[in-house]
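Engineer: Listed here are the chains, written in short residue letters.
Protein chains: 2
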Amino acid sequence: MSNQLDQLRQQFLAYLAAHPFRKSPIGLYEPVDYIMQLGGKRMRPILALLAYQLFKKDVDAALPVAMAVEVFHNFSLVHDDIMDAADLRRGKPTVHAKYDTNTAILSGDVMLIKSYQYLAQIGDPHIQAKLIQVFNQVAIEVCEGQQYDVDFENRSDVRIDEYLKMIEYKTAALLAGSLSMGAIAAGADEAAVAHLDRFGRKVGIAFQIQDDLLDSFGDPAKFGKKVGGDICQNKKTILILQALKDGNANEQAQLNQLLSTPTTNEQQKITAVKSLLEHLHIPTKVKTLRDQYLAEALQELETLEVEAAQKAPLFAIANQLVDRVI
Amino acid sequence: MSNQLDQLRQQFLAYLAAHPFRKSPIGLYEPVDYIMQLGGKRMRPILALLAYQLFKKDVDAALPVAMAVEVFHNFSLVHDDIMDAADLRRGKPTVHAKYDTNTAILSGDVMLIKSYQYLAQIGDPHIQAKLIQVFNQVAIEVCEGQQYDVDFENRSDVRIDEYLKMIEYKTAALLAGSLSMGAIAAGADEAAVAHLDRFGRKVGIAFQIQDDLLDSFGDPAKFGKKVGGDICQNKKTILILQALKDGNANEQAQLNQLLSTPTTNEQQKITAVKSLLEHLHIPTKVKTLRDQYLAEALQELETLEVEAAQKAPLFAIANQLVDRVI
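So the protein lines, in turn, are chains B and D. All letters in the first sequence, in the order written, are residues 5 to 330 by this note's numbering. All letters in the second sequence, in the order written, are residues 5 to 330 by this note's numbering.
Pulled out of the complex, with its shape left as it was, chain B reads as follows (with noise of 0.2 Å):
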């Protein structure tokens, strides 16, 4: 199984590495070539081969939609790094901060386009349009959640119907794009687009949400960052929303009270803010809730008329996804 990702991931790679964006204006496309080798998981591209090979076998001619969403994905990161005025990605300095915010704006501009150029290559002009109007849906989808994030910022009122909302359309919405767009580049119809649509929708907000429970309950030895991070930085996360929904007033305000004040000492923020969150059985409910929409994920793939075989590694990559162990 993970034979076979690794193996998708390796024909990426190999792709990728084929078309370097090195060209003339070099201050353009030198931070282009820069974020795009800095790593991750590539588990969009992978999603697009996969779901590619549920319904044809030359995988070859879908790696120019793999890119197109492994581009438009790193794009995003370049402009929400600025946002963010984060400053190391994967432990190295951002594209704003190892260049300066202008280039960062630019070369940022030209992925996105050069993600429409890649779709482009897709010479079907049937099949191409159907990916060009899923790409513009997800590409607006992933600034206006970026943009809710943003708002839910100052506001002390978010519901967790809008939260899930937000996290859909930044996270999730791409992840479906990646599936739907590699079944589309196959011909398939458009029951299994759909069905693999809500696959990735719901399967990418249980994995935002797993990852909102593990920056404040993961084990320390095997979580990648700081655990508490988030309450650290007052993050309104999912946790948060359902404490701040269950607590009696009493709780409501000193949750309030832990989250408004500057930080001085993080491990005592730390752990009031988590047993406040234990006492109101908040993990627990978070768990449930991630559950349900994984559980919802899977049977949307149960449903996808294809052979049991062929949908595996999708199983196991949904599953896998949601442990983090990917």
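Mixed in with the good hints, there may be bad ones.
Sample of chain D residues lacking proximity to chain B, with all beta carbon distances greater than 12 Å (derived) [what the hints assert, rightly or not]: (1) 84; (2) 149; (3) 175; (4) 218; (5) 228; (6) 258; (7) 267; (8) 300; (9) 319.
No farther apart than 20 Å at their CA atoms in a straight line, the calculated lysine-lysine pairs in the PhoX-like style are these [to be verified]: (10) 278(B) with 239(B); (11) 226(D) with 249(D); (12) 96(B) with 230(B); (13) 27(D) with 27(B); (14) 249(B) with 278(B); (15) 27(D) with 169(B).
Sample of chain D residues with no beta-carbon within 10 Å of chain B, all distances over it, derived [claimed, not checked]: (16) 222; (17) 252; (18) 296.
No lab work stands behind these hints, which were simulated from the structure alone. If you're wondering where the values come from, they're calculated on a predicted model, not measured in any experiment. Just so you know, even glycine gets a beta-carbon here, dropped at the ideal spot from N, CA and C.
Starting from the structure of chain B, add chain D where the hints point.
Structural biologist: Just chain D now, with coordinates in the frame of chain B:
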């Protein structure tokens, strides 16, 4: 003649008014409506509609293409204004000045995507694929032109051919693209599209050369901005590049000296630079270059196999653009 242009402008403005961007999240889309309604001559959509009309009469069908090029143009203004730290455009605050830089980045991004979404409204998939291909190429050239412009600020050895390529990419490519995409939408053949593309590029270059001329030698009563602005900002316009090429060592040193020291007395500096340029006959030489580009542009239009009466508005617009009547 100008009646026809006014009519197309009104038609476009009515379409724009009927298609507001405003929706949730409002923080993302309000800035889009703001910049789209800031005015301007709407030259690019008019060119797209005029080119469509050369071949087909149902000009309404080309309105999404006209919208795509105008949204793209405004996207490039929003991001360029951040990079240039420009606080005013058409006498109003720029998007990043009115809102903030993060908003200008993200609203610009969604505009770039929206321009593709408008192109995707062209139903014929063969025509849509051709439009996307041209648009990708033009959009990439606009980014590359902006990068060359930035690079040239820090170089003292910019050649005139490099400068001409920069203005072709940054300005002329989108004027040409508006024309060729209008023609493609009407099903024009490749030869006609190529003539319109070259016409647009050459007119665009002549237009930009005229822009440099007017900024230093325009009639203060007619020129909208302050005459001498480029000189005060030490901009390497084509006038300066030509003077650095033609002047002797002493004149080159004098000009470099004038343009590398901070401006203390603006009027004195403007007068000194202009008299040096006139001494070297730069205005005459640059006017000759401008007229060559305009003549070559008009020749492309002559060769275009369309009834002469049909082409009259394009001849008129070319002369007006370079004369800056419009």
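Engineer: So, for every hint listed, does it hold in this structure?
Structural biologist: Verification of the supplied hints:
{"no.": "1", "hint": "84", "verdict": "violated (9 Å)"}
{"no.": "2", "hint": "149", "verdict": "violated (9 Å)"}
{"no.": "3", "hint": "175", "verdict": "holds (16 Å)"}
{"no.": "4", "hint": "218", "verdict": "holds (27 Å)"}
{"no.": "5", "hint": "228", "verdict": "holds (26 Å)"}
{"no.": "6", "hint": "258", "verdict": "holds (30 Å)"}
{"no.": "7", "hint": "267", "verdict": "holds (23 Å)"}
{"no.": "8", "hint": "300", "verdict": "holds (25 Å)"}
{"no.": "9", "hint": "319", "verdict": "holds (32 Å)"}
{"no.": "10", "hint": "278(B) with 239(B)", "verdict": "holds (13 Å)"}
{"no.": "11", "hint": "226(D) with 249(D)", "verdict": "violated (30 Å)"}
{"no.": "12", "hint": "96(B) with 230(B)", "verdict": "holds (17 Å)"}
{"no.": "13", "hint": "27(D) with 27(B)", "verdict": "violated (39 Å)"}
{"no.": "14", "hint": "249(B) with 278(B)", "verdict": "holds (16 Å)"}
{"no.": "15", "hint": "27(D) with 169(B)", "verdict": "holds (16 Å)"}
{"no.": "16", "hint": "222", "verdict": "holds (29 Å)"}
{"no.": "17", "hint": "252", "verdict": "holds (32 Å)"}
{"no.": "18", "hint": "296", "verdict": "holds (26 Å)"}
Checked against the numbered hints above, the structure breaks hints 1, 2, 11, 13 and satisfies the rest.
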